[in-house]
Every structure is written in structure tokens, then in C-alpha cells.
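Student: Here our numbering is used: the first residue of the sequence shown is 4, the next is one more, and so on.
FYI, nobody ran anything at the bench for these hints, they're computed from the structure. Don't be surprised by glycine CBs; every beta carbon is placed ideally from N, CA and C. One or more of the hints may lead you astray.
[To be verified] Within a straight-line C-alpha distance of at most 20 angstroms, the following computed EDC-like cross-link-like pairs (lysine to aspartate or glutamate) qualify:
| hint | residue 1 | residue 2 |
| --- | --- | --- |
| 1 | Lys-44 | Glu-34 |
| 2 | Lys-81 | Glu-30 |
| 3 | Lys-68 | Asp-14 |
| 4 | Lys-81 | Glu-45 |
| 5 | Lys-6 | Glu-45 |
| 6 | Lys-20 | Glu-30 |
| 7 | Lys-68 | Glu-46 |
| 8 | Lys-44 | Glu-63 |
| 9 | Lys-68 | Glu-45 |
| 10 | Lys-68 | Glu-30 |
| 11 | Lys-44 | Asp-14 |
| 12 | Lys-81 | Glu-34 |
| 13 | Lys-81 | Asp-12 |
| 14 | Lys-44 | Asp-65 |
| 15 | Lys-6 | Glu-33 |
[Claimed, not checked] What follows is a set of in silico ranges between Cβ atoms, one per label pair, in the way DEER data are often shown:
| hint | residue 1 | residue 2 | range |
| --- | --- | --- | --- |
| 16 | Glu-46 | Arg-66 | 13 to 21 angstroms |
| 17 | Thr-69 | Gly-18 | 28 to 36 angstroms |
| 18 | Thr-69 | Lys-20 | 15 to 23 angstroms |
| 19 | Leu-17 | Thr-69 | 13 to 21 angstroms |
| 20 | Arg-41 | Met-4 | 13 to 21 angstroms |
| 21 | Ile-76 | Lys-44 | 15 to 23 angstroms |
| 22 | Ala-62 | Ala-21 | 14 to 22 angstroms |
| 23 | Arg-13 | Val-71 | 15 to 23 angstroms |
| 24 | Thr-69 | Asp-14 | 26 to 34 angstroms |
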Amino acid sequence: MYKIAVLGDRDSVLGFKALGLDIFPVEGVEEGRQALHRLAKEEYAIIYITEQLAQSIRAEVDRYKTSVTPAVILIPGKGGSLGLGAQALQSAVERAVGADIG
């Protein structure tokens, strides 16, 4: 059975544990990079990652952009939204429909 992971700084991901999701708090960029690749190899269908961490490991996140699994979805961290998740969603919609609908 596939699982759902949440990856980012401790303060941002801790609340997701109450929802029954697997949380992976990371301290730095390299630890985040390694955790993302490890989770992608395991049975995680969805990996939520904070925008702040995703911005730091952009190349690794982009590597999974066209993969069926895992779906890497950007979420705001404790510092608020950077707008990266909204940009990623708009880009995905544009690819799907072939035009900018916004």
C-alpha cells in the first residue's frame, strides 16, 4: 500500500503527524536532499515538501516532476507561502490543457 510523507523543517511538518501522515523533519539542505531520494525509492505515492526546502533543492524536486509516483507537492512552511506551490500548480494545468487559463 502506498503512503504519504511530509518533508521539511520540524515546526512545519509536526502537525501533519496528527493526520496520520509520515513526517520527516530535516535540518539542512543535504539532509533534505537525501530524505527526498530515499522516500522516492520507498512506497510513498505522495511527498509533501515545504516550499522553503524545495527552493533549496530545486533540481531534485524537478527530477520527480514528470514521474507518476511519487507526486511531489509543495506546501507552505512555517514562514508562509513563497508562491512556489501555486506556480507549480499553474504550470501543471497549462501542460494539461495546453494554454494559460489564469
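Student: Against each hint, give a clear statement of whether it holds in the structure.
Tutor: Hint-by-hint comparison with the structure:
| no. | hint | verdict |
| --- | --- | --- |
| 1 | Lys-44 <-> Glu-34 | holds, 16 angstroms |
| 2 | Lys-81 <-> Glu-30 | holds, 14 angstroms |
| 3 | Lys-68 <-> Asp-14 | violated, 26 angstroms |
| 4 | Lys-81 <-> Glu-45 | violated, 26 angstroms |
| 5 | Lys-6 <-> Glu-45 | holds, 9 angstroms |
| 6 | Lys-20 <-> Glu-30 | holds, 18 angstroms |
| 7 | Lys-68 <-> Glu-46 | holds, 17 angstroms |
| 8 | Lys-44 <-> Glu-63 | holds, 13 angstroms |
| 9 | Lys-68 <-> Glu-45 | holds, 17 angstroms |
| 10 | Lys-68 <-> Glu-30 | violated, 24 angstroms |
| 11 | Lys-44 <-> Asp-14 | violated, 25 angstroms |
| 12 | Lys-81 <-> Glu-34 | holds, 18 angstroms |
| 13 | Lys-81 <-> Asp-12 | holds, 8 angstroms |
| 14 | Lys-44 <-> Asp-65 | holds, 16 angstroms |
| 15 | Lys-6 <-> Glu-33 | violated, 23 angstroms |
| 16 | Glu-46 <-> Arg-66: 13 to 21 angstroms | holds, 18 angstroms |
| 17 | Thr-69 <-> Gly-18: 28 to 36 angstroms | holds, 30 angstroms |
| 18 | Thr-69 <-> Lys-20: 15 to 23 angstroms | violated, 30 angstroms |
| 19 | Leu-17 <-> Thr-69: 13 to 21 angstroms | violated, 31 angstroms |
| 20 | Arg-41 <-> Met-4: 13 to 21 angstroms | holds, 18 angstroms |
| 21 | Ile-76 <-> Lys-44: 15 to 23 angstroms | holds, 18 angstroms |
| 22 | Ala-62 <-> Ala-21: 14 to 22 angstroms | violated, 32 angstroms |
| 23 | Arg-13 <-> Val-71: 15 to 23 angstroms | violated, 30 angstroms |
| 24 | Thr-69 <-> Asp-14: 26 to 34 angstroms | holds, 31 angstroms |
Checked against the numbered hints listed earlier, the structure breaks hints 3, 4, 10, 11, 15, 18, 19, 22 and 23; every other hint is satisfied.
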